[in-house]
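*Asks:* Quick note, the sequence shown lines up with residues 1 to 324 if you use UniProt numbering.
Derived DEER-like restraints, expressed as beta-carbon distance ranges:
no.	residue 1	residue 2	range
1	D99	D182	47 to 57 Å
2	A15	Q120	40 to 50 Å
3	R67	Q6	12 to 22 Å
Quick caveat, the hints were computed from the structure, so don't treat them as lab data. If you're wondering where the values come from, they're calculated on a predicted model, not measured in any experiment. We put the beta carbon where it would ideally sit given N, CA and C, even for glycine.
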Amino acid sequence: MAVGKQLLDYDVDEAVDAFALLKSADVRTAKNGKQYIALVFEDQSGEISGKYWDASPEDIANYVAGRVVHVQGKRENYQTHPQIKIMHLRVTHAGEPNDPQAFIEHAPMSRADMEDYLTQTVFEITQPTWNRLVRKLLSEYAERFYTFPAAKSNHHAFQGGLAFHTISILKLAHAVTAQYPDLNAPLLYAGAILHDLGKTIELSGPQSTTYTLAGNLVGHIVLIDGELVRACDTLKLDPQAEDVLLLRHMILSHHGLLEYGSPVRPALREADVLHQLDELDASIMMLDTVVAHTTPGEFSERVFALDGRRFYRPANDTPQPPKD
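I would like the entire structure built from these sequences, with the hints used as guidance.
*Replies:* Put into structure tokens, the structure is as follows:
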């Protein structure tokens with residue numbers, strides 16, 4: 001059984017024979033009135049969709065998010081997006097791969113290294129109020145922070161992606177503050193560490209990630225602002241004091257535009273820098289992912305989160321060694 005390849009290693013029109021984790025399994029109704037399952041398969045190479053047509057009640061019960069399956073079919077492109085045309089699907093048998101953790105993509109940096117980098121950066125937050133708040137919230141959400149993805153899809157959607165995304169922004173912030181020393185570095189670092197911490201409440205976790213009820217109804221920006229205010233109460237800090245309001249503004253404005261979910265637009269230099277660094281890191285991660293799975297000399301699939309654009313991979317482009 002040819003199961004050595006990862007999902008995204010298959011070429012268009014190549015036969016697929018692989019074990020994979022069902023990241024999501026949404027039951028839908030086709031125009032003919034029959035039910036089908038919109039599946040997203042996942043392994044450590046990434047994810048790819050597929051539709052299981054004419055699903056029976058038994059199929060719907062078997063093929064659920066979080067289950068490892070064996071899929072046979074053909075790699076296709078639908079409107080430039082990769083998918084598997086499913087020929088045969090079944091749950092795994094005894095003795096076959098069945099540990100979901102073995103199929104989940106992980107951050108390209110160990111947890112120990114991420115913890116070390118965050119610890120060193122926290123020492124650089126020399127303003128006492130911001131330091132206390134960062135330490136308080138990081139300690140409360142540490143387990144989730146170091147294991148959760150940064151998103152359900154699009155960017156850093158892998159185990160440990162939230163912490164890795166945060167550290168990527170901090171590395172950029174260190175470079176920017178070195179170039180522009182008038183920026184308030186402690187404020188920028190504190191904002192960067194806390195800006196997405198609400199995703200530990202907004203998302204369900206690294207496996208078969210979904211949005212929680214709070215995530216759907218409130219969203220991570222407002223959720224972490226609420227947690228910051230709660231931390232102020234615990235630490236006997238005034239949430240309306242200017243230093244606290246500056247940090248809250250960093251978080252509340254980091255999406256940049258109201259239509260992108262920020263309650264306010266950036267009104268501090270450091271807030272605008274954080275927004276731009278957040279956008280830069282997310283965009284580069286999306287581009288790295290899509291270009292890595294594009295044949296040299298061809299255009300990628302359309303990237304919905306980047307205005308549906310396609311990106312060209314130069315013909316002489318060669319894979320780069322992984323970065324720490």
